[in-house]
Structure formats: C-alpha cells, structure tokens
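Sequences listed follow chains A and B, in order. Counting the first sequence from 1 gives a position; the working numbering is that position plus 2. Counting the second sequence from 1 gives a position; the working numbering is that position plus 397.
No lab work stands behind these hints, which were simulated from the structure alone. Note that the structure is predicted; figures quoted are calculated from it, not measured. All clues stand as given, with none of them false.
Going by beta-carbon spacing under 10 Å, a handful of chain A positions derived as facing chain B:
#	residue
1	Leu-54
2	Val-74
3	Asp-85
4	Val-87
5	Lys-98
6	Ala-145
Ideal Cβ positions, reconstructed from N, Cα and C, are used throughout, including at glycine.
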Amino acid sequence: MTEIELRGVSRWYGNVVAVNDISMTVGPGVTGLLGPNGAGKTTILNMIAGFLVPSRGEITVAGQSSWRNPAVFRQLGVVPERDSVYAFLTGTEFVKVSARLHGLPDADAAAQRAIDLVEMSESQDRRISTYSKGMRQRIKVAAALVHDPQVLLLDEPFNGMDPRQRLHMMDLLHAQGDQGRVIVFSSHILEEVERLSGVIQVIVGGRLAASGDFRAIRRLMTGRPHVFTVHSSDDRALGAALIGRPAVSGVELTAHGLQVRASDYGTFTREVAGLSRDHGIRLRQVLPSDESLESVFTYLLAS
Amino acid sequence: MTMAHRSAMNNKRTGQPMPGLLNGDIIWLTLRGALGRRRALLFALPAIILIVISALLKAKAHGNVWPPEVLGPVGYLILALTALIVGGSVLGAEIDDGSILHLLATPVNRRTVVLSKYLVAVVLTIAFAAVPEYVAGAIATGASSSLAVGLFVGALAGSVIYNALFLMLTAVFTPGQALAIGMLYVLAWEGLLASLVPGVSLLSAEHYSLAIANSIAHNAALHAYLNLGTGIGMGIAVTVASLAFASVVLSGFNVTGDVT
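Same shape as in the complex, but just chain B (with noise of 0.2 Å):
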C-alpha cells in the first residue's frame, strides 16, 4: 500500500456516515440483485395479463364502460401487488439471506441505503406496472385518452407510494410477515373495506392514486372517494412517514438467528 493511499484512508477513518441521499453502487447492486433472481419474471407476469385482457375485451366487448371499471380495480390491484413483490424483495431478499450484512457493514448512511433500494422499486414498479397500465388504457381508449393518462399519472404516484409503504413493512417486520401484512392490507383493507367503509379510503394508497387519476380522467365509474388534495397531501406524508421510519429501523437493524 502506497503512503499516498494510507493517507486518503486516514483521512476518511474519522467523522461521520458518508453523505449522501443516493449511492450509485447500492442502486446498482439492488438492480442486478432484483432483475437477476427468477422472481424477476413474475413482475411482467401480471403486466402481460392486463395487457392481453385489455386487447381482449376491446376486440370482443361492446361499449365503453369496461376500461374504468377493469382498468382501475384490476390495474391498480395488479400495481399494488408489483408493489409488493418489487418494494419486498429489494430489501426483503438480502434481509432473509443475510447478505444485507455486507451492506450494513459500510459506513454508508443507513437512510441511503433505504433511498437507494426504494427509487430502484419505484422505477422497476413504473416499469412493470405503471407503464402496463399506461398501454392497456392506451388500447382500451387511445393513447392520448384522458382516461388512459389519468390511469398513467395515477399508478406513478401509486408506484411511488406503495413502494415506500411496502419497504417500510419489510424494514420492521420479517420479509415473510411484511409480504402476509401487505397482501391483507392490498386484499382485505383495500379491495373489500374501502369499498364498504368509505373513511377507510383515507388510508388507502390505492384511493390516493384514483384521486389523483380522476383529477384527469373525470370518471365517475373509477370510483374514486377523495378529491386531489387530500389524495396528494396523503400520499406524500405516507410515503416520506414510511421511509423516515424505515431509515430508523434499518439504523438499527438487529439480526435475527440462532444464539451461536
């Protein structure tokens, strides 16, 4: 080892974390990480059904109801499950086989770290679900419909908020725990309660982002119960609430295992 390169060590041995809200490497890493694991085919599954339906029902369905009414139940549910899978396995699968400790092992910020997976989950989720949903409602009712860009600008706020709610779950909880909590609160709070109960579309990421959709699509049969306000002031405080607390979580990660 050089002098010259001991003394660049030193001089980084003391002070704090490195700074930084995003770290190349660590985004790197969770792209190679995300796409090169086998579970990557199952993002586009979901996708290519929606599309394929989509092409279907326009081919074989009369009339226009059918795109809000399947476009946005179906579509965003089919988002919120990419969500799920994509924002739980960024972090999720390294937390289950322990490789995370390489990463932990670092002086990297732990909030960086946190933001570095999370904008990777968020621009694989706009890409297997957000655009999908952008080319179904462009079959569904042409590219520049107001129906197909309100669903678009919907599901990439979706895409930013489910991710930042479902790496959040995988930060406090066991990824298996975190996949078991997001899939109620994706089947059973979003898909049937909000329905019932409409205050509980407060609480839904799912709400946030129809509001948001409506504000451009102005269709009644999205169903949409907030107005945009509400849905954009929501939205931002889960999704910087989630990552707050999950760059607080991971700061003090433990890990989990057998007494040895």
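One chain only, chain A, in its complex shape (with noise of 0.2 Å):
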C-alpha cells in the first residue's frame, strides 16, 4: 500500500523551529493538512515533496526517501503553492512538457487526458499569462496529475478558485483519492478541509496537534462539554429532566430548540431516548452542534 511516513520531522531555521518533531503516517485517501498560516504546513509539504531537507528524522514516500531522489517524483505529484508557472507557454504546451519530462510514451495524449480532466479544454491553447490565478491553479493541477501519480501533494490548492472551480476541484480530489492514490492538501480554510476530507493533520506553531477523523478527535476531547441542539415536543420538560442527569452539564432553551452541553458523550446519546420516553416526550430531533471542524480546530487552538 502506498504511503508517506515522517518520523520525527523537525525543521529549523537557525534560532527559529518551522516543524517539530512530527511523526505520521498518510495512507491512500484524501488527508487534509490544516493550521493556521505560518503553522509549517508548506514547510512539511517541501518536505515530504524532496524540495527541503529535514533537520532532523526520516521521511519516505512510497517507501523511498524523496530527498535528493528525482525518481521519487515518478509516483509522485506537486503542486507548488506559489503562482509561479512558464506564463510564456500555453497550457497545452506546459502539461506536455511535464509529460515529457516524465517520459511518459505518449505525453500528447496524457497532456490531454490531464487537461480534460480538470476542465481546462476551452482555454488549453492560450498563454498562461492570460489565465486567471484559478485557472494557473488548475492548469499546475493538471501538469502534476499527467503521469498518473500514486501521491498527489497540493499546496492551498483552492487559493484564487471560484465556488464552482472548487467544488470541481474537490470532486476530482474525491475520485483520485477513492482511487487509491494518496492525496494530501494544505489549507487554511476550515470550510474547504472539511468539505474534502474527513481525515486530517492538524498543525500549530509547527507541532502536530491532532491526527485522524476530525470527528473522532472531537469525541476523544473528553476536557470539553459537547453541545447538542435537541428539538421535541415539550423542549422546557425535557430540559427540566435533563438537567438532573449526571452526563448533563447545562442546559438552555433558546429560540432554536434546547442546547445541551454533555459532559459524557455516549451517556448523554443513550440516555436521552430513555429520559425522553419516560417523561411522554417525543423526541424529534439530537443533533450534536460542535462537532464541525471548526470547532475541534477552535478547541485545539486553545489547548
């Protein structure tokens, strides 16, 4: 199975630590790498991609080192953050050169697949000097998907794209990573990171923070109260019941239903049927209301 794994990663510049001592391992999927900007995830993406030594542990990429390794980037892909393209070629011609460059046998008809599918057929033959920033977005999509990589790294890869632009761009991710390949992206945005992958690498002041299904790290955040909005038909009457039971923290009635903090998630989820029930309240709706990315990254922050 392909994978990238960093043992022990740290990277320094002179007095000032960029990354520190980050193990992890990322397998076939979509993983999003997220911290705020100056976090190190561009540092950790240079990295994994070969473009900067590590200062300390070990990083491989399909069981290979990639520094120092150009034969790396024959399963693997990059798109570089910065806006940085030929600008003087067109589209068509910098996709083909990097088929070429690859060696690929048919690099005419990889340019075009790579193209097509990022849906830049309509502007493939003009300058890229003429493209928008999402447009150059794709287009460096393009030439790092066209010889087929088993590890695709992208780097804030929605910066400067419209909505549609990035839902297409998510959907592409989705399918590469339902392909088995290994898809890793850097964002800033809470809203991109969570609409693309449920699995993520939370990154602060350059420290791994949190790894795995944003989900699940919320769960395991035993410290923090989880809140739920609970609709039924007698919202004050169960907010009476509630309030007595030990996984209950608080309560609220407000205008959108009651919001319950549970100290205990799974006791809170099993006995509020029961409690429900036992008081002739119909329950209609449990809805935990905390558990989106922003808020486990907002908890992390914190922490």
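Starting from the two chains in their separate frames, assemble the complex, guided by the hints.
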C-alpha cells in the first residue's frame, strides 16, 4: 500500500523551529493538512516532496526517501503554492512538457487527458499569462496529474478558485482518493478541509496537534462538554429532566431549540431517548452542534 | 487510460532518474524563457555598442594600436557581463519566481537540468558576445586577421568558462547574490586586481580566454599573462568543477521563503 511516512521530523531555520518532531503516516484517500498561516504546513509539504531537507528525522514516500531522489517523482505529483508557472507557454505546452519530462510514452494523449480532467480544454491553447489565478491552479494540477502519480501533494490548491471551480476540484480530488491514491492538501480554510476530507492532520505552531477523523478527535476531547441541539414536543420539560442527569452539565432553552452541554458524549446519547419516553415527550431531533471541524480546530488552538 | 498506457507508465515507475546528459525539452523551455523575457534585449545592447565603437574607431582613429587595446579588455568585459546576465538568468530567473519547482518535480536527473541550461547559456553568449566580438575584430583588422580570429576563439572559450562559473554561482547563492558576486569578480577581481597582481590571473576566466586568443593572435597588446597550456588547463578545470558543483547543489535544492 502506498504511504507517506514521517518519523520524528523537525525543521529549523537558525533559532526558529518551523516544524517540531512530527511523526505521521498518511495512507490512500484525501488527507487535509490544516493549520493557521505560519503553522508549518508548506514546510512539511516541501520536505515530503524533497524540496527541503529535514533538520532531523526521516521521510519516505512510497517506501523511498524523497530527498536527493528525483526518481520518487515517478510516483509523486506536486502542486506548489506559489503562483509561478512558465507564463510564456500555453496551457497545452506546459502540461505536455511535464508529460515529456516524466518520460511518458504518449505525452500528447496524457496531456490532453489531464487537461480534460481539470476542465481546461476550452482555454488550453491560450498563454498561461492570460489565465486567472484559478485557471493557473487548475493547469498546475493537470501538470502534476499528467503521469498518473500514486501520491499527490497540493499546497493551498483552492487559492483563487471561484466556488464552481472549488467544487469541481474537490470532486476531482475525491475521485483520485477513492481510486486509492494518497492525496494530501494543505489549507487554512476550515470549510475546504471539512468538505473535502474527514481525515485531518492539524498543525499548530509547527507541532502535530491532532491526527485522524476530526469527528473522532472531537469525541476524544472529554475535557470539553459536547454541545447538542435538541428538538422535542416539550423542550422545557425535557430540559428540566435532563439537567438532573450526571452526564449533562448545562441546559439552555433557546429560540432554536434546547442547547444541551453533555460532559459524557456516550452516556448522554444513550440516556436522552429513554428519558424522553419516560416523561412522555416526543424526541424530534438530537444534533451534535460542535462536531464541526471549526469547533475541533478552535478547541485545539485554545488548548 | 488504456491498459497499454498504464503498463508503460508502471514500467517507468521504478528505478533510477531519467538518464541522459541533455534534455531537449529543458533546452527548449530555457531558450523560450530566456529569449521571451524583455531582458533578452539587454543581451544584444553591449554587443551593438562594441560593433558601433569599432566602426567609429576604424573610421576616425589613426594607426593599428587601438584594436587589441579595445577589443581585448572592452570586448572581453562585454563577454563576461553578457555571460553573467545569460548564465544567471537561465537558472536564476526560475529560482527567483519559483517555477523551477515544476522542473524539479520530475524524475529528470539534476545534472541533466544543469547541463541543458548551461548549453543554452553558452549558445546565447556566443551569439550575443563572441560573434559580435568577431564582427568588431573583422571591422577593425579584417575578417581573416589573426587578431579577429584569435579574439573570436578566445571568446568562444570564455563563453564556455564564464557560463559554467556564473551558473554555479546562481545554484549556490540567491540570484541577487550571484549577480553581485559575479559583478565583483568581473569588475574588481579581473578588471582591477588581475592587472595589478600577476598571480591573480591564474584565477581569471578572462585571462584563460586571453591566453587562448593570444596563441593565435600573437599580440603583446592583449596583455595575456598566461600561456596556452595553463589557459586551457585551468579553463577546463574551472568549467568541469563549476558544473559538477552546480549539479550537486541543485540535487539538494532547498526552497526558500516564508514558513507557512
């Protein structure tokens, strides 16, 4: 199985520690590298791609080191963050050059397939200098995908894309991940990561703050009460009943229903149905309202 | 994707970086990049000035003293500065704007990247400095004169040596630093020190070129301090060492920029 593996990886610039002792394994599917600006996401991606040597630790991509090893790019595609492409080329020329530099047997066909994949065929014969930022991003993705890599790294791939382009790119990356490829993208925009990826690696201050499915990460944060929005036939009565339970630490009656803070996720979700039935209250909806990535991210940043 | 296509690609997935000393696509890309930028106009400007000066001196000046005095120091200064701009830009411009990552994110051997870009730099320097040097020499002393031919052959050697040196500087330092160091080398080391301290010429690409030029021109006014053997030997050593070092440095290329 193709994997990216980081073992005890650190990177420092003089006295500044950019990445601090990160170990993680990333397998097939779409994984989001999430963190605020300056967290070290680009540094990590550059080290994985072999564009930056780790100060300490080891990185392997598909079982081989990426540092000083151009052969790794037979299985690796990279979409850098910087908006720097050969602007004097047309989109077609750019992707074809990439195909030929990868030594593909039919570079023209591979380039056309990649261009079609990112829906750039209408503009493929225009110079890249005339492209919008979103179009440049897409042609960069086409060039990175042209050799059908098993691993794809994308640094802030949605920068400059309009909503329709974002949705298309998300579908494309989903499809690539579903086909068994390892797709890693960085973003500081929670909504992007939440929509594209269940699996996240949260980087805060150069450290790996959390790793895995963000909903599972949230449930492991037992120190913070879980917030549920509950709708029932009698919210006031249900609230009065719930506040007496040890698993519930607070109840608030709002215009949008009952806001319940549960100290124990599992006990609350098991008890709430029985309690409603015992009090003759019809339970209409129990919705975890702080299981969004934003909540998880906010909690991680605060901790 | 067809099965044949996937199979062909899978065959390429294992093993070593792509072999070969030169890569046609990198040469094409570098040539288009170098000539497509506005700075390409800068390449031709010094050469035009040299030819115009030679034509004016030929028409106005008396005697044959000026050709080696002008075409030697001035002609080879133009050669060095052209190589500095060209040799620096074939790699430096891409490092500067980050587009080099698209080239490095391929299985092409880094030595191939360096040599392909180097070849373009040498050809452009010959076109924009060595050939104009010959044209200026031909205007001054005749197309088949030993001075014109000698200076041209020396300029060909200079194109080869200077570009290797400046390409290496661009790989080691940032493009701005490489340009500054290159200017210091050409103006201070070669232009000033080499004429004052004889030993300095042993580490001067200009003097390697002059040694080769003088072996044909046999003109004392060229002030060639080195003999032909030393010029060729040192020229080859500097060229090979510079290109080898540039390849090693590019293999361990580290992106610079903000920590994000």
